[in-house]
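Enquirer: Produce the entire structure from the sequences given, and follow the hints as far as they go.
Number of protein chains: 2
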Amino acid sequence: MKLEKELIETYLLPLAQNDAAALGFQDDAALFQPEPGTELVISKDLLLEGVHFLSCDTPENIGFKALAVNVSDMNAKAACPRGFFLGLAFPKAPDPSWMEGFCASLSVLSKAFYCPLLGGDITHSKSGLAISVTIFGTVEAGKMVKRSTANVGDRIFVSGTLGDAALGLKLMQDSNLQQRWQLDHEETKYLIHRYCHPIPRGGFNPLIKEHASAAIDVSDGLISDLENLCRASNKSADVQLNQVPLSSALEKAIKVEPALFAHALGWGDDYEIMATIPADQAAAFKQECMLNGVPVTEIGTITAGTQPPQYFNEKGEKQQMLASTFEHF
Amino acid sequence: MKLEKELIETYLLPLAQNDAAALGFQDDAALFQPEPGTELVISKDLLLEGVHFLSCDTPENIGFKALAVNVSDMNAKAACPRGFFLGLAFPKAPDPSWMEGFCASLSVLSKAFYCPLLGGDITHSKSGLAISVTIFGTVEAGKMVKRSTANVGDRIFVSGTLGDAALGLKLMQDSNLQQRWQLDHEETKYLIHRYCHPIPRGGFNPLIKEHASAAIDVSDGLISDLENLCRASNKSADVQLNQVPLSSALEKAIKVEPALFAHALGWGDDYEIMATIPADQAAAFKQECMLNGVPVTEIGTITAGTQPPQYFNEKGEKQQMLASTFEHF
Chain Z
1 MKLEKELIET YLLPLAQNDA AALGFQDDAA LFQPEPGTEL VISKDLLLEG VHFLSCDTPE
61 NIGFKALAVN VSDMNAKAAC PRGFFLGLAF PKAPDPSWME GFCASLSVLS KAFYCPLLGG
121 DITHSKSGLA ISVTIFGTVE AGKMVKRSTA NVGDRIFVSG TLGDAALGLK LMQDSNLQQR
181 WQLDHEETKY LIHRYCHPIP RGGFNPLIKE HASAAIDVSD GLISDLENLC RASNKSADVQ
241 LNQVPLSSAL EKAIKVEPAL FAHALGWGDD YEIMATIPAD QAAAFKQECM LNGVPVTEIG
301 TITAGTQPPQ YFNEKGEKQQ MLASTFEHF
Chain U
330 MKLEKELIET YLLPLAQNDA AALGFQDDAA LFQPEPGTEL VISKDLLLEG VHFLSCDTPE
390 NIGFKALAVN VSDMNAKAAC PRGFFLGLAF PKAPDPSWME GFCASLSVLS KAFYCPLLGG
450 DITHSKSGLA ISVTIFGTVE AGKMVKRSTA NVGDRIFVSG TLGDAALGLK LMQDSNLQQR
510 WQLDHEETKY LIHRYCHPIP RGGFNPLIKE HASAAIDVSD GLISDLENLC RASNKSADVQ
570 LNQVPLSSAL EKAIKVEPAL FAHALGWGDD YEIMATIPAD QAAAFKQECM LNGVPVTEIG
630 TITAGTQPPQ YFNEKGEKQQ MLASTFEHF
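These protein sequence lines are chains Z and U, in that order.
Numbering-wise, the first sequence is residues 1 to 329 according to this note's numbering.
Numbering-wise, the second sequence is residues 330 to 658 according to this note's numbering.
Among these hints, one or two may not hold up.
Think about it this way: if two alpha-carbon atoms lie no more than 20 Å apart in a straight line, the pair counts; the simulated SDA-like pairs of lysine to any residue are [to be verified]:
| no. | chain 1 | residue 1 | chain 2 | residue 2 |
| --- | --- | --- | --- | --- |
| 1 | Z | Lys209 | U | Gln355 |
| 2 | Z | Lys143 | U | Glu364 |
| 3 | Z | Lys209 | U | Leu352 |
| 4 | Z | Lys5 | U | Pro637 |
| 5 | U | Lys472 | Z | Gly24 |
| 6 | U | Lys421 | Z | Gly128 |
| 7 | Z | Lys143 | U | Pro365 |
| 8 | Z | Lys126 | U | Asp386 |
| 9 | U | Lys455 | Z | Lys209 |
| 10 | Z | Lys126 | U | His453 |
| 11 | Z | Lys5 | U | Lys421 |
| 12 | U | Lys334 | Z | Pro308 |
| 13 | Z | Lys92 | U | Phe382 |
| 14 | Z | Lys143 | U | Phe354 |
| 15 | Z | Lys5 | U | His381 |
| 16 | U | Lys421 | Z | Lys209 |
| 17 | U | Lys334 | Z | Glu227 |
| 18 | Z | Lys5 | U | Gln355 |
| 19 | U | Lys472 | Z | Pro308 |
| 20 | Z | Lys126 | U | Glu364 |
| 21 | Z | Lys143 | U | Thr626 |
No lab work stands behind these hints: they were computed from the structure.
Expert: Here you go:
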């Protein structure tokens, strides 16, 4: 108990940013007063050593990613993150330097999105580190952007570039790949950073809320998540593969090894946002995103039917695209 | 992914009880509309195999306890549980019979307290089972009962009986103890059941909300949790040990082995509620509890000062009482 209290007071309490809802971690629970007319949007992730991160990952990367992937869920729903709860299970008492690194990167994101730590617990694990994050946000009643409400004819937009993290992970796992893919040091660093430090899209929520008929965060990859959105909406989609936004580093690697293209779109860990926009608002949406510094690209259209989304190359030929995401069992 | 979807649809979706907030588990997040004038009370627990439960524990016991300890937190705050989020990490695909048992007992509690499952995730663990539960409830604004608001002269009440679970755990771990403590089969079963199936106090919340100046759930044992409440309130307490409510099974074992008394109060896992009641409301509180079928017992008084609570025997002699709760590291 003593060590747990010490860890909480030294490292975690500052993450509460003195938010009243945390009650100074002095009670059994946190207490949050939602503004009248708002709804709560709540999401949860469980991250385990050896599965979602490696024991050799830096505490900074682990801490950053644990919160980032949850903030990304809020962004995809046009919800404003309001606080998070953190469960940590350690196999042994963590080094102060580990805690410092973990909390420092958490703190950066937590402050950037004003998403204070409101509670949680620290406990013992018989094996690896386990991290559980529950995030909650608020949105004006009725304004949450769902997955299930895309309409035929809506244009499909994605933020940023896709597939970088898939290659970043591979580059981390095999140091020979940099040379094989003819990437320079900066490009390699960029791709790895995209895997380790997925920066949730800021400033995007008002635009999504105003224009999007549906949205999802691209965490399992374009192929999987577009299929998820279409299935929830009872629709299908046509996607132009040559319009999918790629970073210059990724394009360079694909030139050397074309099969990487399919892998990059099938893998995931992008944490970009995919949104469907009614055709008559597409131009306005695009322009407002530009003015707000959020790069978005139109990649296709929602269609009728319940078949999986269809992918076409620049010649208009249908291409089979498969999700390569991790099968957990 | 396929198995995860199957597990979610077969076993977890029914736990949502068709609650609209769950969105049929079809979205990135849950969506909850709090009633105007309510506040949210949120609590979180992370439970790990080998630490919080044993691999030989039945899935029914594990499922029941995971939710029960969280509902108990809501009860201690006079909050009405409104939903929970569940993260499950399995070392291998769980047997259908395991999932059925786990979900069946979860379902009993979830229905009893109308606390639907609103979301969560299923993932892989490299080692033991990990369970993460986040619960949230609502309470009229300003009405949450805190730990930190006890006043000098308030009477200390506890619900039910204390210490049963401490002996129940010992009886589970060593089958010789039943004979040594001269317990019959029913008494043994009762004590073990108190450990495995802590039933959160129902019907108590309105009484706590109306009368209590402060409250806490007794999860770490009387000694620890009274100290926690007193520390948060900047107060001390006097407790009459002979007034602490004990079950007849526990009394019987203590007669054989008097040291069990201190162990029982120091251990925890009671999941009863401790509340401080202003002296002039103590009689009314007691009577209302009786009329509502909630057994409560007055065990002491909040005093001035910041020393740890003091314990007295029936002769008025001070007794040293120590928490024997688990040190996680």
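Enquirer: Compare the structure with each hint and give your call.
Expert: Verification of the supplied hints:
Proposed proximity of Lys209 of chain Z and Gln355 of chain U is supported: the alpha carbons are some 19 Å apart, at most 20 Å. A threshold of 20 Å between alpha carbons decides the hint, and for Lys143 of chain Z with Glu364 of chain U the separation of about 17 Å falls inside it, so the pair holds. Taking the CA atoms of Lys209 of chain Z and Leu352 of chain U, the gap is near 18 Å; set against the 20 Å cutoff, the hint holds. The suggested pairing of Lys5 of chain Z with Pro637 of chain U holds, with an alpha-carbon distance near 17 Å, which does not exceed 20 Å.
Distance hint between Lys472 of chain U and Gly24 of chain Z is fulfilled; the C-alpha atoms sit about 18 Å from each other, no more than 20 Å. With a C-alpha separation of about 16 Å, the suggested pairing of Lys421 of chain U with Gly128 of chain Z holds against the 20 Å cut-off. The suggested pairing of Lys143 of chain Z with Pro365 of chain U holds, with an alpha-carbon distance near 17 Å, which does not exceed 20 Å. Taken as a hint, the Lys126 of chain Z and Asp386 of chain U pair is honoured in the structure, with Cα atoms around 16 Å apart against an allowance of 20 Å.
Proximity of Lys455 of chain U to Lys209 of chain Z is assessed by CA-CA distance (about 39 Å); at most 20 Å being required, the pair is judged violated. Taken as a hint, the Lys126 of chain Z and His453 of chain U pair is honoured in the structure, with Cα atoms around 16 Å apart against an allowance of 20 Å. About 33 Å separates the Cα atoms of Lys5 of chain Z and Lys421 of chain U, which puts this hinted pair outside 20 Å; it is violated. Taking the CA atoms of Lys334 of chain U and Pro308 of chain Z, the gap is about 17 Å. The hint holds against a cut of 20 Å.
Among the hinted pairs, Lys92 of chain Z with Phe382 of chain U is consistent with the structure: their alpha-carbon atoms are about 18 Å apart, no more than 20 Å. Pair hint Lys143 of chain Z plus Phe354 of chain U holds up; C-alpha atoms about 18 Å apart against a cutoff of 20 Å. At roughly 18 Å between alpha-carbon atoms, Lys5 of chain Z and His381 of chain U fall within 20 Å of each other, so this suggested pair holds. The suggested pairing of Lys421 of chain U with Lys209 of chain Z is violated, with an alpha-carbon distance near 40 Å, which exceeds 20 Å.
Note on Lys334 of chain U and Glu227 of chain Z: the hinted pairing holds, with a Cα-Cα distance of about 14 Å set against a maximum of 20 Å. Proposed proximity of Lys5 of chain Z and Gln355 of chain U is contradicted: the alpha carbons are some 38 Å apart, above 20 Å. A C-alpha spacing of about 50 Å is found between Lys472 of chain U and Pro308 of chain Z, which places the hinted pair above 20 Å, so the restraint is violated. The straight-line distance between the Cα atoms of Lys126 of chain Z and Glu364 of chain U is roughly 41 Å, outside the 20 Å bound, and the hint therefore fails.
Proposed proximity of Lys143 of chain Z and Thr626 of chain U is contradicted: the alpha carbons are some 49 Å apart, above 20 Å.
Of the numbered hints given earlier, the model fails hints 9, 11, 16, 18, 19, 20 and 21; all others are met.
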